[in-house]
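Make a model of the complete structure from these sequences and hints.
In case you want the letters, here they are:
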Amino acid sequence: MTQYNFAYLDEATKRMLRRAILKAVAIPGYQVPFSSREMPMPYGWGTGGVQVTAACLVPEDTLKVIDQGADDTTNAVSIRKFFARVAGIATTEATARASVIQTRHRIPETPLAAGQILVFQVPIPEPLRFLEPRETETRTMHALEDYGLMQVRLYEDIARHGEIARAYAYPVRVEGRYVMDPSPIPKFDNPKLHMSPALQLFGAGRECRIYALPPFTRVESLDFDDYPFTPSKAAGQACAICGAADSYLDEVITDDAGGRMFVCSDTEYCSSRAASQQGDAA
Amino acid sequence: MYVAVKGGERAIENAHGWLAEARRGDATVPDLAVDQIREQLALAVDRVMAEGSLYDPDLAALALKQARGDVVEAVFLIRAFRTTLPRFGASAPLDTGAAQIIRRISATYKDAPGGQVLGPTFDYTHRLLDFGLAESATPAPAPEAPSSLGAVPHILSHLGEEGLIQPEREGGAEVPDLTRAPLEFPASRPLRLQALARGDEGFLLSLAYSTQRGYGRNHAFIGELRIGHVRVSAYLPELGFEIDFAEILLTECETVNQFQGSKSEPAQFTRGYGLVFGQSERKAISMALVDRALRTRELGEDTGSAPAQDEEFVLSHCDNIQSSGFLEHIKLPHYVDFQAELELIRKLRRRAMPEAAQ
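If you're matching them up, the sequences are chains Z and F in order. The first sequence lines up with residues 4 to 285 when you count with our numbering. The second sequence lines up with residues 117 to 474 when you count with our numbering.
Keep in mind the hints are simulated off the structure, nothing from the lab. Here a beta-carbon is modelled for each residue, glycine too, at the ideal position from N, C-alpha and C.
Chain F is faced by these chain Z residues, among others (derived, beta-carbon under 7 Å):
(1) P43
(2) P45
(3) P187
(4) E254
Okay, structure coming up:
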């Protein structure tokens with residue numbers, strides 16, 4: 004791949020991206036516009052995350068890519084192969100061994116450490132988008148810290164359903180200032196955003212926005228005093244493979260009779276637990 | 117025992133293999149050459165160049181071949197290639213008035229200096245299938261006349277002499293570039309036109325049609341539609357003068373629209389403008405109508421609630437690479453989100469129907 008620069012993007016583009024990332028780190032939760040490039044994969048398939056990852060990678064990095072928590076889902080495989088090809092960097096499935104992790108829809112179960120970078124792929128970066136479709140309006144709302152509409156929406160959920168009916172992409176408030184979309188992670192993962200020692204970067208390619216949570220940032224899920232936020236997952240279940248009761252579980256239909264089982268969505272967490280159990284048994 | 121589905125990598129490789137085979141089709145049928153596509157599917161090539169924002173007929177033909185004739189996929193290939201090219205600078209403004217015309221018509225004047233030239237158009241063909249084309253055939257040469265056309269002035273310039281049409285403002289020295297800065301609203305007219313020029317033909321066609329049917333109606337006359345070869349030149353500081361470096365085929369459309377006037381401006385005609393790579397007149401006309409619709413606010417017209425007049429709506433949704441990418445991403449796995457929804461729905465139903473849960 005000598006025709007392409009290291010990590011695909013030219014250095015001028017990477018510089019533009021790094022400036023946007025630095026600005027995003029300086030203003031946690033604020034959506035920084037950047038001039039997103041066309042990438043060799045479609046918009047909506049992780050181009051924002053891919054551009055942020057490309058801007059962060061150095062040759063010594065070890066990259067992990069997950070989609071839905073799994074290393075072996077097709078799009079994760081595709082993006083990991085892309086970087087192995089255009090950057091020649093080492094890749095891994097082990098969360099603890101990765102220096103950069105690109106993710107779609109999950110935060111790994113293994114706690115992240117200082118020095119690691121977690122890059123989220125973001126479809127719609129604007130948490131207020133479904134309340135107000137106009138960018139000109141939502142930017143003003145953020146500038147004025149005008150989040151009443153969001154609180155009303157959450158209140159209406161409680162009035163109608165008895166609880167906040169948001170299961171994923173659950174909005175958060177960053178350092179008491181910006182309301183932020185954490186990308187479509189299940190709300191089970193929201194507490195992991197809070198005070199994480201890792202740098203968390205969010206890239207939305209089609210929407211031309213980058214935002215960030217620097218290490219040890221206060222991240223609170225929106226709620227009410229009498230209706231506190233609860234991270235939820237499949238009730239009363241443990242992983243059928245590794246037995247974990249503390250991980251996020253996928254429900255898998257196993258037969259035509261409606262039989263189902265629950266397994267860890269984080270495949271690396273699950274397989275390493277299963278392997279160590281086998282080791283213990285031996 | 118359940119085993120998590122593995123082997124995404126091999127599945128992808130095998131799918132690519134199958135795709136390559138399907139792209140080639142029946143191997144006993146001769147392979148399609150890129151120059152055949154360039155020459156005989158020229159309008160598809162033009163569309164790929166226009167929406168791909170890259171004037172290169174050979175690459176566009178190659179992209180069409182690789183994309184199995186899927187135009188949006190071919191546009192995507194061109195865009196992804198274009199993004200890797202260095203940007204040297206901007207050309208000098210094109211002089212479309214000096215174009216070597218292959219087609220030029222006006223619906224507002226029966227005749228004008230330079231005349232009406234139909235050129236290679238489908239307009240008055242009867243849409244009857246030509247079964248003769250099923251066999252390989254070379255058409256009889258079309259009659260030719262010596263070209264009498266030198267530089268052909270724009271027809272609307274005659275309205276300008278009388279002050280009947282609003283003059284266009286000179287652009288600034290610095291040309292904004294949609295591909296190098298994120299689009300922010302409100303956008304300038306040059307940026308809007310850039311976005312429309314690479315926008316999806318079908319989307320712009322429907323929007324333009326909606327203005328004709330009354331959603332932001334502003335009746336448009338085709339003042340002039342011209343297709344011709346235009347020289348592209350650039351000023352090189354090292355040389356100290358402009359040099360021509362390319363000749364490209366362009367379709368340009370100027371519409372004449374009414375404007376009732378406002379407190380500060382007398383009644384006059386206004387213009388919608390469309391400019392597209394290649395021979396793409398459906399796109400150029402659509403672009404001109406949508407451009408004019410988007411000028412509603414600048415002209416102080418009190419309408420402005422129709423979709424085609426809404427800058428943020430139009431510009432945020434006209435790019436088919438953005439829209440098709442996002443539309444098709446819902447094919448990707450979403451089972452984590454779906455699982456979260458599943459739990460939520462079960463919980464809400466348990467709350468609403470406690471007896472059913474037992």
